[in-house]
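Dock chain B against chain A, hints included.
Protein chains: 2
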Amino acid sequence: MKELTPKEFREMVKQKKWDKPTSGIAPGYTQANLVILPKEDAFDFLLFCQRNPKPCPLLEVTDVGDPILKTIASHADIRTDLPKYRIYQNGRFIKEVTDIVDIWRDDFVAFLIGCSFTFENALIKHGISIRHIEEQRNVPMYKTNIPCVPAGRFHGNMVVSMRPMTPKDAIKSVQITSRFPAVHGAPVHIGRPEDIGIYNLDKPDFGDPVTIKEGEVPVFWACGVTPQAVAIESNCKFMITHAPGHMFVSDLKDEFFAIL
Amino acid sequence: MKELTPKEFREMVKQKKWDKPTSGIAPGYTQANLVILPKEDAFDFLLFCQRNPKPCPLLEVTDVGDPILKTIASHADIRTDLPKYRIYQNGRFIKEVTDIVDIWRDDFVAFLIGCSFTFENALIKHGISIRHIEEQRNVPMYKTNIPCVPAGRFHGNMVVSMRPMTPKDAIKSVQITSRFPAVHGAPVHIGRPEDIGIYNLDKPDFGDPVTIKEGEVPVFWACGVTPQAVAIESNCKFMITHAPGHMFVSDLKDEFFAIL
Chain A
61 MKELTPKEFR EMVKQKKWDK PTSGIAPGYT QANLVILPKE DAFDFLLFCQ RNPKPCPLLE
121 VTDVGDPILK TIASHADIRT DLPKYRIYQN GRFIKEVTDI VDIWRDDFVA FLIGCSFTFE
181 NALIKHGISI RHIEEQRNVP MYKTNIPCVP AGRFHGNMVV SMRPMTPKDA IKSVQITSRF
241 PAVHGAPVHI GRPEDIGIYN LDKPDFGDPV TIKEGEVPVF WACGVTPQAV AIESNCKFMI
301 THAPGHMFVS DLKDEFFAIL
Chain B
61 MKELTPKEFR EMVKQKKWDK PTSGIAPGYT QANLVILPKE DAFDFLLFCQ RNPKPCPLLE
121 VTDVGDPILK TIASHADIRT DLPKYRIYQN GRFIKEVTDI VDIWRDDFVA FLIGCSFTFE
181 NALIKHGISI RHIEEQRNVP MYKTNIPCVP AGRFHGNMVV SMRPMTPKDA IKSVQITSRF
241 PAVHGAPVHI GRPEDIGIYN LDKPDFGDPV TIKEGEVPVF WACGVTPQAV AIESNCKFMI
301 THAPGHMFVS DLKDEFFAIL
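Top line first, the protein sequences correspond to chains A and B. The numbering of the first sequence is our numbering, which starts it at 61 and goes up by one. The numbering of the second sequence is our numbering, which starts it at 61 and goes up by one.
The following block holds chain A by itself, in its conformation from the complex (with noise of 0.2 Å):
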């Protein structure tokens, strides 16, 4: 598998061949994740993005009806080229589904949304090493208190994720991350976890406790799921996400996100 481009794992895709996440698939090439919304919430939520950068950072957005992608990959189907979708209706979660061509209406527009999957692998290049990926577990993820900025219908706190590390590796951090501005960037917090309304590490509200060594400190990152969790909270009407580790694999790689 961690030999196909991702052009061919989106047709394996595509003729239902893999229903599984996508992590360790086409390593080095950016994944994103998904947002659908009607034309009515659109406006919205893209002010929303545009409001909350480092949370909701936009890699693409298609045009009204048009599923296929035109900047992050050639010619994907964003109703066949995902593994797994969920449906929500009144901000109720309804079923997972592994396509959605039956579903898709001429007013949809699809938000392609960076993932930290990206800046991890640049992470890992420059030798640092990333916990939860040694202890084969998800990233985990937590609530905070910090507000996001709301657009229309859309309000809520940021979701982030945590890497524990030593000092000395959360400020390469710092540097290293700080070049890829369109996914996530810089951490948002370092250290003491209840500043930002975090008051138990081992109980992350998505995703997998961690092991946190002796002198590392929390080293905390807007997470993508943020959007997701506002989108989720606002109830809107009718709403398509990928389902939790099921991302779109895109055709750039995740040097192409660096601005130096």
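In short, the hints are calculated from the structure, not lab data. Do not rely on the hints blindly, as some may be mistaken.
Because identical chains share one entry, a pair is satisfied inside a single copy or across any pair of copies.
Here are the computed lysine to aspartate or glutamate pairs in the EDC-like style, where the Cα-Cα straight-line distance is at most 20 Å [to be verified]:
#1 K263 - E276
#2 K130 - D104
#3 K99 - D167
#4 K67 - D166
#5 K297 - E63
#6 K114 - E315
#7 K99 - D123
#8 K144 - E68
#9 K273 - D262
#10 K74 - D159
#11 K297 - D166
#12 K155 - E293
#13 K273 - D229
#14 K80 - D137
Just chain B now, kept in the frame of chain A:
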């Protein structure tokens, strides 16, 4: 005038005591281009800016119908706090006015767009001399053959600004402006103007020509005039912009927009 804070300057403007350009006002504070559109065009325009972040770096987008800014300036009123506005109907320039209180509508959305003044201050601080400032002219701007990514009714080519400098300063400029992705970022082109469809540097499409000395190369940055030019060409039913040079003066220091 140079002594006034941005807030004091905007108060003067509101009281109709200043209707001249804002160049040199409140040095060190970011100034912004303005585009106001009705809601019906706002989604496509927001999408256009999202797809073309280099020429269209959004600093703030107001809530529909709300003329008060919340992010880049505190309690500023977009209807009164710029020295001069331009009204367009069906893509044609109608008139200049010094406030838009009587014209404001409940469906208007204001877009504040970054401007190269911000990174010019950073260049000057690093000892790079800016020719058009030396020669007390407006920066030369050119239409190019570089297509923007279209969005709905909005499409057109990128407008660039040009600053001649030594190759050594050009390299330093790339480093310095890369720190400012929110205000045009790194140059889009260095050297041969014909590569991007510019055939006579002495005849800019906007602004004034400047001297290019022996051994200097032209360095081109995406220009904030692009979204205005594109919006005008797209024949929007109704649009308001700032009058050229009569920008919005924000409360944020230029350094706020540096990511490093």
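task: Against the earlier hints, flag every one the structure doesn't satisfy and list their numbers going up.
output: As far as the earlier hints go, 4 and 5 are violated by this structure, in ascending order.
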